[in-house]
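Assemble chains V, B and H onto chain S, guided by the hints.
Below are the chains, spelled out letter by letter.
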Amino acid sequence: WDEPIVFELDAPGERGVLPPQVEPGVRETVGDVLADLPESLRRPAPPTLPRIGQARVLRHYLRLSQENLGADLNVDVGQGTCTMKYAPKVNDQLVADPGLRDVHPLQGEESVQGALEILWRTEQALTAISGMDRVSLHSTGGSSAIWTNVAMIRAYHASRGEAEQRDEVITTIFSHPSNAAAAAVAGYKVITIHPDADGYPDLDALRAALSERTAAIMVTNPEDTGIYNPRIVDWVEAAHAVGALASYDQANANGILGITRARDAGFDVCHFNLHKTFGTPHGSGGPGAGANGVAEHMAPFLPGPMVERDGDRFRLAAGGELSIGAVSAFYGVIPTIAKAYAWIAALGAPGLRAVAETAVLNNNYLMSKILAIPGASAPYATGRRRVEQVRYSWQELYEDTGITSEEIGVRAADYGTHYWTSHHPYVVPQPFTLEPTESYSMAELDEYAAILAQVAHEARTDPEMVRTAPHNQTVHHTHHDDLDDPDRWAVTWRGYLRKYPDAPQHRRP
Amino acid sequence: WDEPIVFELDAPGERGVLPPQVEPGVRETVGDVLADLPESLRRPAPPTLPRIGQARVLRHYLRLSQENLGADLNVDVGQGTCTMKYAPKVNDQLVADPGLRDVHPLQGEESVQGALEILWRTEQALTAISGMDRVSLHSTGGSSAIWTNVAMIRAYHASRGEAEQRDEVITTIFSHPSNAAAAAVAGYKVITIHPDADGYPDLDALRAALSERTAAIMVTNPEDTGIYNPRIVDWVEAAHAVGALASYDQANANGILGITRARDAGFDVCHFNLHKTFGTPHGSGGPGAGANGVAEHMAPFLPGPMVERDGDRFRLAAGGELSIGAVSAFYGVIPTIAKAYAWIAALGAPGLRAVAETAVLNNNYLMSKILAIPGASAPYATGRRRVEQVRYSWQELYEDTGITSEEIGVRAADYGTHYWTSHHPYVVPQPFTLEPTESYSMAELDEYAAILAQVAHEARTDPEMVRTAPHNQTVHHTHHDDLDDPDRWAVTWRGYLRKYPDAPQHRRP
Amino acid sequence: MTTPFVHPYLPNSAPEVRAEMLAAVGAESVEEFYADIPAALRLTGDLDLPEPLVAEADLSRHVRGILGKNRTRLSFLGAGTYHHHVPAVVDEVIGRSEFLTAYAGEPYEDHGRFQALFEYASLLAELLEVEVVNVPTYDSLQATATALSMAVRATGRTRILVASDVRADVLSKVEDFIRPYASLEHVPTVDGIADVAAVTALLGDDVAAVWVSTPSATGAVETAMTQLAEATHAVGGLLVAQTDPIGLGVLTPPAAQGADITCGDIQSLGIHAWFGGGHAGFVGVADDPRLVMEMPHRLFGLASTSVEGEYGFGDVAWDRTAFAHREEGKEWVGTAAALWGIAAGVYLALMGPQGMVELGETLLARTAYARKVLTALPGVSEADGAVHLREFVLHLPRPAAEVVEELRAKEIEAGVVLGEHELLVCVTEMTTQADIDLLARELGAVLGTATDATTHTPVLEEVAR
Amino acid sequence: MTTPFVHPYLPNSAPEVRAEMLAAVGAESVEEFYADIPAALRLTGDLDLPEPLVAEADLSRHVRGILGKNRTRLSFLGAGTYHHHVPAVVDEVIGRSEFLTAYAGEPYEDHGRFQALFEYASLLAELLEVEVVNVPTYDSLQATATALSMAVRATGRTRILVASDVRADVLSKVEDFIRPYASLEHVPTVDGIADVAAVTALLGDDVAAVWVSTPSATGAVETAMTQLAEATHAVGGLLVAQTDPIGLGVLTPPAAQGADITCGDIQSLGIHAWFGGGHAGFVGVADDPRLVMEMPHRLFGLASTSVEGEYGFGDVAWDRTAFAHREEGKEWVGTAAALWGIAAGVYLALMGPQGMVELGETLLARTAYARKVLTALPGVSEADGAVHLREFVLHLPRPAAEVVEELRAKEIEAGVVLGEHELLVCVTEMTTQADIDLLARELGAVLGTATDATTHTPVLEEVAR
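Chains as they are written, first to last, in my numbering: chain S, 1 to 509; chain V, 1001 to 1509; chain B, 2001 to 2465; chain H, 3001 to 3465.
I should point out that these hints are in silico values taken from the structure, not numbers from a laboratory. Computed from a predicted model, the values in this text were never measured in an experiment. Where hints are given, some of them may not hold.
[Claimed, not checked] Computed from the model, here is a short list of chain B residues facing chain H with C-beta under 8 angstroms:
1) PRO2052
2) GLU2056
3) PRO2087
4) ALA2088
5) GLU2429
6) MET2430
7) GLN2433
For each residue, glycine too, the CB sits at the ideal point set by N, CA and C.
Bound-form chain S, shown alone (with noise of 0.2 angstroms):
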């Protein structure tokens, strides 16, 4: 499809749907409300929305939609650290019941005791499989679930007052970008430590960055190379040792499901990505769902309202008065908790131990594929296993042949596939993080691998077909030089018709 900008539909007379209107019994005892708003609030003329007919519409979002590779469409194995597993669609249609989809949070508690139970069951699940003694589930994305966690570390300082002096927060090279990001928007001063000469979290680094200055560690584990931290007792007993927190960034929990817990390892606060490990759909970037599970000790730090359950109902209960507040609207993102909830309920124990190690082996399976592709590496930790991605690098293939990573994967989508390098800084260099997890087969997993493979030996028989890609898309090279200039970026079709006055405006024919 060559399909216009929403705008270039418009049709005088056109309309996609319609509001109920004003009742002539309204209208009669209230007059014509508009006439009598203040002349400074009355918007002199409607907002410049395109008029387009409802099927239009539809047909528009729907070519935009076969425009767009969703997990369920390709073998989505190339976003590493994201965790793009299979959402079942059973989930999508139980959530879409109208009793959770049009209730509102402030109803009668008698009257949204469902909506009440699957927060309570959801909490009940991940205390068990974190070990934790509680569990929110208030924040509203990962990243969103790591502030909850810096800001809960903060207030467990304050309320012992030690605000001022613990203003470090201690995080790896290899741990999730956010962790470093929050903190650092929560007023700390960030600590990276980088890797040991074996590719492991350096601990010894971390002892000599540890001091009575130190507000928490924050660490992944794995990390997002996919090593697990062999030491992590140390490293959580070292920050204990000098009275700093220890905050688990659980993103890459999909192979450690039922294989180890956070508690277990000492940890004060951890979090889980709902929509990543446990298979609500990613939403084209949200709506996510954030979990935080908390030792005892920080309970009262965590945000409320939380459930309660008396008998066999269901009620909230308020913050108390360490709570750290609102975080969120309300409770937290209710559709994706109730997919998760309805996830963990259709795998139970067994499912979740098979869920990990399905998603270790099909990861471990996948490196030995890569990594027989000339040109393609796995820095750190050379020889070792993996356990819920790797972090590789091309710059080998780089070196021989001048095509970048982020040229392949351009040229990898031309074969329908969806590829990322990763997460900036690029410490690995030329890098790309592959995690298959549990939800693609042995033939899914092989024909990835052949993608990469053939894109490889097309940089070293015919670079400039990968160089000049994409030669299969929707959409042909595009100048994204414009994007980085304020003079010429264009956020907003107003914006583009102001800097580009003579740019051709499509009209269909």
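Positioned in the frame of chain S, the structure of chains V, B and H alone reads:
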């Protein structure tokens, strides 16, 4: 996508969905029910269905869906006579209510009042629209409704002892072929009337054909050419004069909703296609639904049971002694009926009239665009306006270039749109039938006409391009001759494997 | 256009657009287009319909208000429409705009629809053990009527023997449909299944077909299919077996026992009950041109293309159909139930061989369990000793209609009344042991049996964890 | 793998497949992959979870059983989550697998997602009269916290004046979020809206921002936006306006009255209530690099491609974000609420200019009507005389909490208790005149007023035709 046949996705051990298992308590009570089956009943081996994980099944069908061109996706004016209009999404969603989807037809009436009310309200609305005395919704499609018409006609004459005597049915060549086919299936000899010199249904020919052997005339009006028979009252009266009944195929009613009614022209029975005229989705070829409207004297022959209203309650009343009995399972295609009801409710009387007028305006507008293309013509009633659709001809283009209507259709699809020749037989040479309905905007009609003009231009300037199409579709020129040869056709995978033992069996890489 | 009616479904309803279009065709008003409709036939006022609900929110509230009057219940109803699980992926696929709103596209542009329906036919063919399956027709009523017509045409004979207890609605349809060509003769069943001796005695070289239903209208599974086939074939007739494919994961398919034409309904295979409006019919035969050419339906076939290894699709033997032949065709072809066919294909692809085996076992086991616990109630007995799948008939000590009404007051649909004291009870994989136990308890209570009705469990409560 | 667990979500769970894969990597068992996890940390038993519901039918029954305990009610609840109509096309589009299950694809392969989100930003920008709108953040709490942080960073100042009655949850989030950089000072409102004189008196060159909420937490629409903007700008501060775009079809957008940053929630624009879980936040500013470079969110921009006239998309000024900078970034970027952004875009495309105008009028009219009929009840008065959109506060003669409980017994949610006698009542286009009249009747009855409560109408009955 180059998506394999579903059987090629077979992977041992994979499961798509698990059914509920026998409970231990049940097994204890009944033992091994499979072992207890008589030898002859016990299937020796499981059926050779493919084994595929849930996500892969989904991915398979999503990819197939993307290789399909629904009315939601394209400007679907090419399937003239089939009234491809916008089927509102809201109706799909309303009808998916579990309260309708999961109720059983034999539940106590007090628990299905909503379903009965929908049936009753739809019948009432169609009674108003057709002017008939009674409407039945039992028929499962347009042709099914034509069958119901002819079955009622047969029962009517039988009730009067004239079953043997009246063994002929008269139709016109531009009435939908199912009128002729259903009459033949019901045991009638079929007489077909061709148009008169002006292109209108030939009244003199009808009069010559009518006799005491005539059971009924069964006609479409406007005919599939888009021409309305101005002497339709004379036709009906002529039929009645010899004791025959008049049956009105209202498949083409879209252009006359609220303009004129079947009963006013004197018809005894008529039918609507709910999936055409009343905006329900066509479902890749069904489920549709038909409505039969009858005058009072035909009501005793309607299929049973019928919905009756008792004050605020609705109940089912069995068909009487003269009823033709069951024409379908239970009470008709409920989801389609309910969608049609919602469509009527959204539009009401002014809306239906606006639908008709807009459809007719669109049709005549498109006709003016099409007739401007060199080589296109609209045979019969030259210079007259058309009602709902137009049967055009590329005869002139064919004579100039040798390009057939069928070839034009294949090439038009390269431009992302649908085009259909017409029903057989091709009385109009090199025919194509366009019906824009009310659902497409002026811009979209312009776009469609431009595509046909482009293809017609190609036929003159680059006929090879047209002849060798498809060039831009998921699949390439297919060897359709194989499909007419019993030794080579393959109607199932099972048949394919037997007939082509050496065919390449794809497995993913 | 008297007054402008602007609506989201009508893009060209704005007066200025209409004026532009009218100008383009050189017409004064839309009235011109209706010149051929005589004034006497023109409607003068508005149609007598309720005020339109032009705001979508108002429409939704209205329709939801009506549908909200329906109630689902713990149900033991069958008799043609069955409550089986519909996997979510099935609804997802058939809800896709591309399938839902497609219609009669050509094989190139609608490759996906052709492939999906070819796959449906192929998957069902494995279950049935036949090589040809049609694009679905309306329902089992039509499928059976057509199958018997095919037998009449293929044999040139006119007698049809009805060897099973067949459903009343199917019978009604078949009778009216084949009236011009053939007649039905009923052979009473014995202990729920065919009386082979009686059927054999009636066979002759004027018999077009023997019609067997398995499971029958009472849920009895026919055990003498092979003998019936042999006897029928001996006189040159055809055996037409009407069946429900749901049990064929564990039961031998009729075709494997000699049936020439297998027909029935696919509602059980992933289609909701829809108040009886979710049906589609199939007809399956061996790849024998004598029978295939008598099929009136569309058949989608696989063919090679100009690209090596690529699959294309198209209509098989199009010239059979009424599309090609009007009254010279075998029957008619029209919009029937293709989407339900796609649904059934997705269902079978999801279930796979193991799923169909497990489902078959669950159905047999729960049927046996229900027969056991319900006939254990004093005064309750079973109507026959046949093997049953899903349905069976109970003889009750009280009038069945009364019992049904009393149980409805407890939000239980106990079954379909077949005779004064006969109740047709249906269980599926959706009917748990707890549900059956509940029915036994409540039925016992209604029949005046002493039961522990004090331990009354709420109906439709959640599955015990 | 101790025991094989075969499940539809786990394609490689069959023992033979696992063995083949293990062999390919040269591992004895999956245990090898966990070599780095110390034995002391290994879980020995199973997690303490309920038995899995592996059959989809069982899972569905379980979850539906729980959700079935919820009840929707005739509701006058707002306070952050609103009951507006969600057009069917919105749910259809965001339910498409392609959008629902996409994530972080690149501009070429995910052209549709980039375009849909660019269009969302563009459509909302028209409503707001700004040129830059972010890809949605979590909710209005986060959007407001971020907007105020942007003002703090852009001005290098630390005081924030709160000029409106703001929602308690937003306030809580903002306070905790900006704690390291800035402090809030509350300026009491007068008659529901800002006290311009008092705000002006507190302004100084250390003020980063004045925070206005319109409509406010009580539904009052701010009339002095222009004066507040002028006063704030006079000291070099920024005016941050938190709003709900739902009224902007008829109300002047804050940016047109001088607001520098507009922020808020889009739940009203086509997103269901979801028990408070359907929120997404927006931040809109003029195309001024000083502010744009302070936005931490992703921004999708339109760019030309190598094909003349073709549109491409990509990230604008990627280097602003924490993706690029970790702790050096302005904030963080993560999975937030993109799908709700697409939903809001579809909503606005459907509504069009006329739809937003008509909706705005309906909201204003029904709000005015509800105020009128409810304050006509003896003892009931309104808390202020401001213009209100959707929400307003009633002063009741009895404790509000008691009144709410008594009306719940009649399946009516009358409003949110704000103070001992204060009730926050909300109406939308879904609340008909009949609904409001019903509330008046029932509230009157609860308050002991003589009303014709005999003509009691059932709640949530269908719309009168």
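Taking the hints in turn, this is what the structure says about them:
Because the smallest distance between the Cβ of PRO2052 (chain B) and any Cβ of chain H comes to about 10 angstroms, over 8 angstroms, the interface hint for this residue is violated. Below 8 angstroms, beta-carbon pairs count as interface contacts, and GLU2056 (chain B) has one with chain H at about 6 angstroms; its hint therefore holds. The interface hint given for PRO2087 (chain B) is met, as the beta carbon of that residue sits about 6 angstroms from the closest beta carbon of chain H, less than 8 angstroms. Evaluation of the ALA2088 (chain B) hint against chain H yields a held restraint, the C-beta minimum of about 7 angstroms falling below 8 angstroms.
Contact between GLU2429 (chain B) and chain H, as hinted, is supported at the beta carbon level, the nearest pair being about 6 angstroms apart and thus within 8 angstroms. Among the interface hints, the one on MET2430 (chain B) holds; its C-beta lies about 6 angstroms from the nearest C-beta in chain H, closer than the 8 angstroms criterion. At its closest, the beta carbon of GLN2433 (chain B) sits 12 angstroms from a beta carbon of chain H; the interface hint therefore is violated under the 8 angstroms criterion.
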